[in-house]
Structures are given as C-alpha cells and as structure tokens.
Amino acid sequence: MAPPKDTEKKQDARDVIEVRDFNFAYGNAQALFDVNMDIKDKEVTAFIGPSGCGKSTFLRCFNRMNDLIDIARITGGSVKINGIDIYGKEIDVIELRKHIGMVFQKSNPFPKSIYDNIAYGLRIQGIKKKNVLDDVVEECLRGAALWDEVKDRLHESALGMSGGQQQRLCIARALAVKPQILLMDEPCSALDPIATAKVEELIHSLKRDYTIVIVTHNMQQAARVSDRTAFFYLGKLIEYDVTDTIFMNPNNEQTEAYVSGRFG
Amino acid sequence: MAAQKERHLYAFRPSRKRMIEGATQWFFRLATYVVILAAGYLFANIAWNGSKAVFTTSAPFINTDFLTQKPQTLHVYEPKEAVEEQAKINAEQIRLRRERNNLGSAEKEASLAIKEELKALQSRYDALDVIRKDKRLLYSDTEYRALESTPQEDQYAYSNYAYSGGGVGPAIIGTILLVMGSISIALTLGVLCAVYLSEYSRPGKVLQIIRLSILNLSGVPSIVFGLFGFGMFVLFFGWGVSMLAGWFTLAIMVLPVIITASEESMRAIPKGFREGSLALGASKWTTIRTNVLPYALPGILTSSIMGIARVAGETAPIMFTAAFALRDQLPWEGLSTWTDFFFQGVMALPYHIYVVSAKIPQNEYTRTMQYGAAFVFLVIVGFFALSSIILRIRIRKKYRW
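Read top to bottom, the protein sequences are chains S and L.
The working numbering puts the first residue of the first sequence at 32, with every later residue one more than the last.
The working numbering puts the first residue of the second sequence at 678, with every later residue one more than the last.
Calculated directly from the structure, the hints in this document are not laboratory data.
Mixed in with the good hints there might be a few duds.
[Said to hold, decoys possible] To give an idea of the chain S side of the interface with chain L (calculated C-beta under 8 angstroms), a few residues:
#, residue
1, Asn94
2, Met96
3, Ile100
4, Asp101
5, Lys120
6, Gly132
7, Phe135
8, Lys137
9, Asn139
10, Pro142
11, Tyr151
12, Gly152
13, Ile155
14, Val208
Nothing here was measured: the structure is a model prediction, and the numbers come from that model.
We treat Cβ as the ideally placed atom computed from N, Cα and C, and that holds for glycine.
Produce the entire structure from the sequences given, and follow the hints as far as they go.
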C-alpha cells in the first residue's frame, strides 16, 4: 500500500522546473505543442499518455538528451531549471547532466562489475580514491535498497543480475553523482510485478532527497507513486494536476476517458 | 498385410517436394565438402613439400639454417656417371614416346612393346636417381667459398642454382617488420577515422558518399595501390624503395577494411551504453573511451586479423615500394644513422616466393626453397592471426552483454 500522500502540505513548494510555451520538433514533425508546466521540488511527477504522445520526448528535454538526435530541435519556448534557461547560452550539457540524472526504459548497466558501474560517474569526474569510491558505492546501493542483495558480489558483472536488480542498479548509478533531479523513462516497463513493486518502493524513499519525474504507461503506477500527474495527448499537455484530482475528478473529458480506460 | 506399412497421420510420405528438399541439402553439403577438400589439399601439399625444407630428421628437427640464413646460390656436385646415363635415358625416352605417338591405332602390338621398353627405362632411371641423390654433394655459397678443393671434375658433374641454398631469414624478418609497421599505421588511422564516422559525424548524404567511397576502395586491385605508393612515397616524397614507403602503401591498402569493420563494430554497440554514460555527465570523448572503444575492440581486432592476412600476403604493393629480391644485410645491419632503418628496402616472403617461383627455372633444388618459403609464410600468418584471435576471445569474455 502506498503511504498517504502529503501533497497538500507542500502545495507551496518551490518550482524546480519551469516550462513555458515549449515547442519541440523532430525535423518537420512537431512533437510538442506549447507545453506549460511547473514541477515542484522533492515531489514525484508522473507523465502519462498513450504511446507517441511526446511524454518521453518531453522528459528527455530536461537533461538535453535530445541533443543526441540530429533532427531534433526546439521551435519555441523555454525550459528553466532552478531559474536557469537550460537551452540558453553558456550551458555546459555535461555539467547539466551531472545535476539531472536519468534512468532509461531499458536497463543499461555497463558490462562491468557492479562496483565499477556505480563508481563510473565519479571516476569520470576524476575521483579515484578508493575509500571515497567505496563509501559512495555502499551509500548508493543502500539508497537503492540493493546493498543487501549484492554486497557479496560487488566485483561480479552487473549483467549477472536479474532485470529488476539491473534497473535498481541503474538508479543507484544515477544517484552516485548526487543529482538534484532524477528523470525516469518508463523504468518498470520491462519488469515483473514484484520487481516493479521494489522500484516503486525505492521511488517513494528517494522522494525525500530528490525531485523525481517519471514517465509511465501504467496508470496504476502513476496513481501509486506520484504526487502530481500530467496527461499528454498528441504532443499537447491536456491536464496537469495533483494525482488524486487527475484520477478521481479530472477536469478534462479526454483525461477522464484515458484514466478510466476508455481509450489509449 | 504385414508387407503393407502402417500409415498413420505423421508417417513420412515421399513426394517430389521432399525429394527436391533433400537433394538441395546434399547439394549444399557437397559444395562445402569440395571447398574444404580443395583448401585441405592446398595446405597439405604446401605443408608436406615445405616441411622437407623446414624440418630435418635429426635433432633439433628444425632446419635453423633455413630459417636464419639468407638465400644463396646452391652448388651441386652430382656423380658424373649417373648424370650422364640419366641424360641418355631421357633422350631415349623422348625418342620412344615420339615413335609411339607416330604409330597408328591399328599397330597395337608395336605400341605395347614400346610401352614395355619405356617402363624398363624408367625403372633404370629411378635406380640411378637413388644413387645420384645418395652420392651428390650440395654446398651453399658460403660453404662453397670455404672449400679447400672442389670435388674432382672427372667424377662429378657441377651445376648451380640461384636462390636454392641458404634460407629465408631476411625475408621472414622483413615480412614481420612490414606487417607490424603497416598494421600499426592502419589501425591508428583506421580507428580514428571509424570513431569519427560512427560517433561524431552527422548522418546525411555526405557521410554516405564517404562511406561508399571507403567501401569501394577495398575493391581496388592491390597493384593499383602498389603503383600509387610508388608514385607517391617512392618518387614524390623521395623515400626511395624503403620500408617506410611499404608501410604506408600497405596501410592505405588495408585501411578500408579496417575502417569499415571497426565502424560496424562500433555501431553495433547498444545506444543504451552511450546514453547511460552521457546521462551521468560524461563528455562525448569520455563516453567513447570508456563505453564504446572497449566493447568495440573485439570487432576491431577481427578487422585487424583480416588486415594482417592481406598485408602479409600481398606482393604487388611492395614490389615497387619496399621489397628487394635479395639483400645481403639484415635490416639492423650496416646503418649509418638510425633513420636509415626506415629508408631501407627489405626482403619479404611473398615477394621472395614470387621471385623463386616465377623468375628462376623450376627443378628439384629450387622446389624445396619455393615450398619451404610458402610453408614458413603460412605459419607466420597463422601465428599473427592466432594471437589476434586469442586476444579477441579474452576481451570478449571480459565484456559480454
């Protein structure tokens, strides 16, 4: 059972991400239309919507992962994180991504040992001291509720783990660089219900320290883990509100149709 | 009743279609066997004939002279009587054969008689051959010069054969140097190029044209590269016939293979590794260094194996640029400055095989050298390839996903 929501108490929480009139296109195909959204600090925000509605694209805009796609471009609007326009001048994508971690749909642990996977983020920053790395690895694995399962095989290949463990390892790996925001792109889509439950539990415990944005296909999951939910349809943000409102008492007909399972 | 087979639902029912299917399978199998047989015969032939030059019957069983000495003229003294009689038999055999050919098909008996006669002559010839081989004296050039007195001329018939004495030492060393140098150049340039093409370049028309031209380059005949290297490095750069010119010519020849294969193996690495690394705040180059190149290494090594086999085996590109038919000194001998090392021509096994098999007449003395050189060459290429394969397997074990 999900713990009771504490959204009301944090109604006036700070806006970490502010999106204004955001437009985004792949080549000539417009993918996002005039999205406006404020994501609050230390909350879980879920993006739901049918396939191809632009929710993953939107998520990948927050750490500029879309830069990797050549034809992708911003056609208007802005994304501000902590008040800084991340598409502005003098933004170092590398620095940005250190502060905004990401977990992908398909778990992608590197074909190295569990230890090396976690230490990777620090090692590329030039931190090589063994005791520092040891501490961070343990801290992150504990943070991802994985420590007890893997503490005896830290130096074995990460690919020998189960799918759910791999995904939690990816979360732990993202935590190692101490991000402020954690983006999750359908983290449970390839996991069985038990592994999914573990990841959801983890998301709950991470909420205290991180702002989490999660894309999910699974509406029950959105209802279980998130404080706020945004419903996307055909590249437009249809409705964005407190999760309970979206699921119990939506303002928009399309939202209601979608969350009640009548389409999508 | 008993004769009639029970036909149940899943019983085999012969039909035209099934027959064709069976025949097709056999056709494929036969084709494979033919290829294996041909290759097997080739290798067995070279190994069998070549082993006569490379191995000896007494300890240490390996003919070290052949592997270390430079090619020399072989001086042969054969027992005069045997040689002269063999020559007579040869002439007689030719005369008889011609006679038999002139006989009509009706004269069967006469033809049979000639056949018998030929047989008798051949057995005498073989008997003489044994005596000749037993009593003959073989000297390599150095041995010949050291002789205090040559064998008596009334007992021995003298003849000499170029390149048939000594060994292939300088050619082995030259081949190894050429392979190592050109593969180092080709791998460095090729991997840099492949990294750029697969990781940095923007996909589009230009990239496709570049890729296509690289691919086409691998189909260019090696003699064209040889001429290019001759014009560019030997003449224009003025390096002369030198190891350096050979390195670059060979490197350019195998570059397309290495670039294509390396790029392919880099692009086969799942996007997730790159994204995972970039999302952790790694720079592009860090990502490539830690999460692309290591996993692509087995593929790159595979391409280098193909490259080594080609570099080691090609004669045409080095014919004009790097290879000497005969060189008295080893590459590190007689250098006035260290840079001379790069600007000297070397002997190379493929060119040596070409010279001994195309430029000098064939007989029993040259044949040993020809097959011996070919055998040594196969062993060297096999050794290079094997070490790359072992390396590849080790790396693949380390990074498996």
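Taking the earlier hints as the rules, which of them does this structure contradict? Violated hints (numbers, rising): 3 and 5; every other hint is consistent with the structure.
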